[in-house]
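Student: Sequence:
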Amino acid sequence: MKINVLGSGHMGKQICSLFVVLGHEVKIWQNSSENLDVFIDREINKIEKQFILKSTGKYSTINNLKDLDENFTIESVTEDVLIKKKIIGQLNFKKNIFSNTSSLILSEIGENINGFHFMNPITLPLIELCKKKDFSEDLLNELLDSLKKISYEIINVEEKSGFLVNRILFKEISYFFYLYEVEKTSINDLKKIYKIISNNTDPLKMINMIGIDTSLSILKNLNKHDKNTYVPKILSESVEKGILGYKNKKILKL
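All the letters of the sequence shown, read from the start, carry residue numbers 1156 to 1409 under the working numbering.
One or more of the hints may lead you astray.
[Claimed, not checked] With a straight-line cut-off of 27 angstroms between C-alpha atoms, the simulated DSS-like cross-links for lysine-lysine are:
| id | residue 1 | residue 2 |
| --- | --- | --- |
| 1 | K1382 | K1346 |
| 2 | K1347 | K1408 |
| 3 | K1303 | K1241 |
| 4 | K1347 | K1201 |
[To be verified] Have a look at the derived ranges for each label pair, beta carbon to beta carbon:
| id | residue 1 | residue 2 | range |
| --- | --- | --- | --- |
| 5 | K1241 | K1339 | 39 to 49 angstroms |
| 6 | I1351 | E1308 | 25 to 35 angstroms |
| 7 | I1238 | L1208 | 31 to 41 angstroms |
| 8 | T1356 | K1249 | 33 to 43 angstroms |
| 9 | K1249 | S1188 | 28 to 38 angstroms |
| 10 | F1248 | D1344 | 46 to 56 angstroms |
| 11 | K1201 | E1266 | 28 to 38 angstroms |
The hints are simulated quantities; they were obtained by calculation from the structure and are not laboratory data. Every residue gets a Cβ at the ideal spot worked out from N, C-alpha and C, and that includes glycine.
Produce the entire structure from the sequences given, and follow the hints as far as they go.
Tutor: Written out as structure tokens, the structure is:
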């Protein structure tokens, strides 16, 4: 199956790598100057080991969006509605377009945009699917079948900011930082609590894994629809300093 991936950032490269391992032919639109081969080859190797598979697909990069054919397309650029609209608007087709957005309303990106949300890291076997219009059920089912063979769970979700996963996850992250910044709760006490109740994974580790910039964008987008979602000041300060978490090996520590 032929698949287009729009965006060569952290998630775009992971999505491309997964599809290659699953035997698909991927064209990834490169919106950066880095050498994608090094990262994608390394990611393919990780996914092969995780699922005990041998890659049977292939990928190629393109620089001009208008060179893409009307294949199953997943957009995975930054969580900014204007940027997503601009990128998708340059395509020569309007069908079979899905967004990997984790916090935006799909209809704000475009009425023909569906949702296909992967987790980070992509080896977490869960996908949120929001079906709207202008897509082929046959192509979608072919892709889903290849994912289900390696035990991915597909959750059908409604069109809401954050779908289900991020509404759950970032509610907890938001409140963690609210307790720290607003109520001045001891960070050591918060970490001790999470060490006991959450298998040693606290929201600080989560946002470093997801990406500080991505986490900030998600919280801001969720806040537009739910003012109870707290947007931590320290995340804005970290992004300004170029501290983005594991993706650039600059970790936010408290």
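Student: Determine for every hint whether it applies to the structure shown.
Tutor: A quick look at each hint next to the structure:
1. Taking the CA atoms of K1382 and K1346, the gap is about 26 angstroms. The hint holds against a cut of 27 angstroms.
2. A hinted pair counts as satisfied when its Cα atoms are at most 27 angstroms apart, and K1347 with K1408 qualifies at roughly 15 angstroms.
3. Proposed proximity of K1303 and K1241 is contradicted: the alpha carbons are some 32 angstroms apart, above 27 angstroms.
4. The suggested pairing of K1347 with K1201 is violated, with an alpha-carbon distance near 31 angstroms, which exceeds 27 angstroms.
5. Checked against the hint of 39 to 49 angstroms, the C-beta distance between K1241 and K1339 comes to roughly 41 angstroms, which is consistent with it.
6. Between I1351 and E1308 the beta carbon distance is about 27 angstroms. The supplied range of 25 to 35 angstroms therefore holds.
7. Between I1238 and L1208 the beta carbons are some 33 angstroms apart, a value that agrees with the proposed interval 31 to 41 angstroms.
8. At about 41 angstroms, the CB distance of T1356 to K1249 agrees with the hint of 33 to 43 angstroms.
9. For K1249 and S1188, the hinted distance range of 28 to 38 angstroms is satisfied, since their beta carbons lie about 29 angstroms from each other.
10. For the pair F1248 and D1344, the beta carbons lie near 54 angstroms from each other, so the given range of 46 to 56 angstroms is met.
11. For the pair K1201 and E1266, the supplied restraint of 28 to 38 angstroms holds, since their beta-carbon distance comes to about 37 angstroms.
Comparing the model with each numbered hint stated earlier shows that hints 3 and 4 do not hold.
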